[in-house]
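Chains as they are written, first to last, in numbering that gives the first Met the number 0: chain A, 0 to 244; chain B, 0 to 226; chain C, 0 to 207.
Keep in mind the hints are simulated off the structure, nothing from the lab.
The structure presented is a predicted model; accordingly, all values stated were derived computationally and were not measured.
Possibly wrong hints are sitting among the right ones.
[Said to hold, decoys possible] In silico DSS-like pairs for lysine-lysine, Cα to Cα no more than 25 Å straight-line:
| # | chain 1 | residue 1 | chain 2 | residue 2 |
| --- | --- | --- | --- | --- |
| 1 | A | Lys151 | B | Lys162 |
| 2 | B | Lys162 | C | Lys55 |
| 3 | A | Lys229 | C | Lys55 |
| 4 | A | Lys86 | A | Lys212 |
| 5 | A | Lys235 | A | Lys151 |
| 6 | A | Lys86 | C | Lys55 |
| 7 | C | Lys55 | A | Lys151 |
| 8 | A | Lys151 | A | Lys86 |
| 9 | C | Lys107 | C | Lys152 |
| 10 | C | Lys165 | C | Lys201 |
| 11 | A | Lys229 | A | Lys151 |
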Amino acid sequence: MFLWFHKLGSPPHFYRIAGRWIPWLLAIFAVLLLSGLYGGLFVAPPDYQQGESYRIIFIHVPSAWMSLFIYVVMAFCGVVVLVWRMKLAEVVLISSAPIGASFTFLALATGSLWGKPMWGTWWVWDARLTSELILLFLYLGVIGLHNAIDDKRIASRAVAILAIVGVVNIPIIHYSVEWWHSLHQGPTVTKFDKPSIHLSMLIPLLLMALAFKVYYVLTLFQSSRAELLKRERNSKWVEELSRGQ
Amino acid sequence: MNRLSLTQAFIFLLRRDLTLVLRNRGEFANPLLFFILVITLFPLAIGAIPELLARIAPGIIWVAALLAAMLSLDSIFRSDFEDGSLEQLLLSAHPMAVLVLAKVCAHWLVTGLPLLIMAPILAEMLGMAEEAQGILFITILLGTPVLSLIGSIGVALTIGLRKGGIILSLLVLPLYVPVLIFAASAIDGASAGFEVTKQINMLLAFLFLALSLSPWATASALRMSMS
Amino acid sequence: MSDTALLKIHDLSCIRDDRVLFEHLSLSVDGGQMLLVEGRNGSGKTSLLRILTGLKLADAGDIFWQGQSITQLGADYYEAVCYVGHHDGVKRELTCLENLRLVQAMGKPAAIELDDALEQVNLYRYGDTPVGNLSAGQKRRLALARLLVTESKLWILDEPFTSLDKKSMANFQALFEQHMAMQGLVVMTSHHDIVIPGPNLKRLDLSA
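Next up, chain A with everything else stripped away, as it sits in the complex:
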């Protein structure tokens, strides 16, 4: 197990494996996305209260899930970076940040789009939207800090510490915002609190969530490969690679 881990951790090995996986991931992603969208847009019945506009949840909810998931992945990589100084974890950590930020932004944008027909405004200080907004700032902080430090090995360790601090704080922030919301807004029904979700909605939702996960891995592989080449540009394997082509 450890050996496998160690082998995957070596940059040239990861570069090759990831390259081999990308076309397959692309195919899986396409299948999941199309079936999820089909299920969500055509099969699932319209909501009895919100009509057709609720269908944005098939984008919104998976993005919100991904935004949290990716941050947790980053914090996990942060631990690996600090404890084992694994180069691959550094690359995965920093390549994940823009993807996570994009998902967070997508969750915010779709939430706001959804808000217009629901509440008549583009933005409400809803607990989840507010948490997402703060999460977006956390992501931007990670990206900003990484860009600001010239030495990328040091930058990776800085970002690792920040990601870990962030992940300790996310539940606290989330809980605080939720509490703040309940205090100021009174008992409004939040949009996710459906008593039970119908199976014909749940299946496309899960399909979309899976599609987003695969998409994350796919883009992660692509940008990690690029980042690896950039960082290892002086190493022997990159030299061999560029000569071979």
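With chain A fixed as given, assemble chains B and C onto it according to the hints.
Okay, now just chains B and C, sitting in the frame of chain A:
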């Protein structure tokens, strides 16, 4: 001779930092002045309507405290970083986290404590309800150390950067949100005559959490920044 | 390479940006020896010294102190090391004595009167003078006094003679020899000539 015990080293460094501030008085007043100035701007901007001011006073005071704390953060490590004392501290035989804690304590005594003394006066100026002022005092007492502790992580991460200031606010302000929420809401609740034990307990929990975790994060961030 | 050496550098590499500063560097320094690191500007002298202090991480390789890796030793290693870098690491607002007291508080104090230490670096009458009032050379001497007031075996010095006059340089060289005579180690860089007799001086040229 033996080396100092951990407590002695802590007190030694704390006293050194306070001595430095005493011999360098400018640092002392700036965050406090900023705090007062920001609060003065609000009545000027939204009009001196007593009910309105009293209503938003908790928010104003806490946002101002947050900004003042953030503005003062840089001074925790700046001079030590520039004259090489920081690398000597990192090479100290004592655990860096304890030394960091001493420095953050000194920083709070210099920048947080004055806010604590000034806040009741400002609360009076904004017309905050009498019964809320005690709670305001408690929230500042419990909340501002958390701001210094969390902030020290941010400074430690950005100390070596040329344009660290803007990044610092991006790193630190989102992490300040929970303190802001519970502190402002405690004062709010108290002025409306509600029970606010829950908010105070939460602030207390934040303080203990920050006290126990942030010095370690700051110490490792400093090590990273100095390498 | 003897296995009993106090300080051992094993297969050390340092890469900055894209440049390899040094690679596969292995050597050992024993008690009573001095390692003089030479090389042109930017050849990695300061980096090597900072890696030796443990402030900076090497890109590859290990450093062993008394047979143990310094990353595992942590604070026990710092207690054995005294480092004077480019910065003096003294506070300009504090007096000379206050600065030395701080040094002692943060490390393992040596059994020496602080006044004696000041005398040895020719700052005897300056004990209560704020460092801000000292000249650059006096400040440097105060920074080096840190070596005398703590009990550390390994001295790591980055250009210790910057802004010192000839007389002070000779004075400090004598102190280094004293330290080596008591089985201490000195690792240093210097643009100035060092006259340490015989086999106790090792030279490492990083530009080679």
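Discussion item. Hint check: C/Lys165 vs C/Lys201, CA-CA at most 25 Å. Holds or violated?
Written reply: Distance ~23 Å between C/Lys165 and C/Lys201 Cα, so the pair holds.
Worksheet entry | Pair hint outcome, A/Lys86 versus A/Lys212 [Cα-Cα no greater than 25 Å] | holds, 23 Å
Worksheet entry | Agreement of A/Lys151 and B/Lys162 with the hint, judged by alpha carbon distance not exceeding 25 Å | holds, 17 Å
Discussion item. For a C-alpha distance cap of 25 Å, please report whether A/Lys229 and A/Lys151 respect it.
Written reply: holds, 11 Å
Worksheet item: CA of B/Lys162 to CA of C/Lys55, is that 25 Å or under?
Response: holds, 23 Å
Discussion item. Tell me if the straight-line CA distance from C/Lys107 to C/Lys152 falls inside 25 Å.
Written reply: holds, 11 Å
Worksheet item: Does A/Lys235 pair with A/Lys151 here, judged by a C-alpha cut-off of 25 Å?
Response: holds, 19 Å
Discussion item. Check the hint pairing A/Lys229 with C/Lys55 against an upper bound of 25 Å on the C-alpha distance.
Written reply: Measuring from Cα to Cα gives roughly 23 Å; hence the hint holds.
Discussion item. Just to be careful, I want the Cα atoms of A/Lys86 and C/Lys55 compared with a cutoff of 25 Å; is the pair within it?
Written reply: Since the Cα atoms of A/Lys86 and C/Lys55 sit roughly 17 Å apart, the hinted pair holds (cutoff 25 Å).
Worksheet item: Does the alpha-carbon distance linking A/Lys151 and A/Lys86 stay inside the 25 Å limit?
Response: Holds, at about 11 Å.
Discussion item. Against the 25 Å threshold, does the CA-CA distance of C/Lys55 and A/Lys151 hold or violate the hint?
Written reply: OK: C/Lys55 and A/Lys151 at ~14 Å, within 25 Å.
In this structure, every one of the numbered hints holds.
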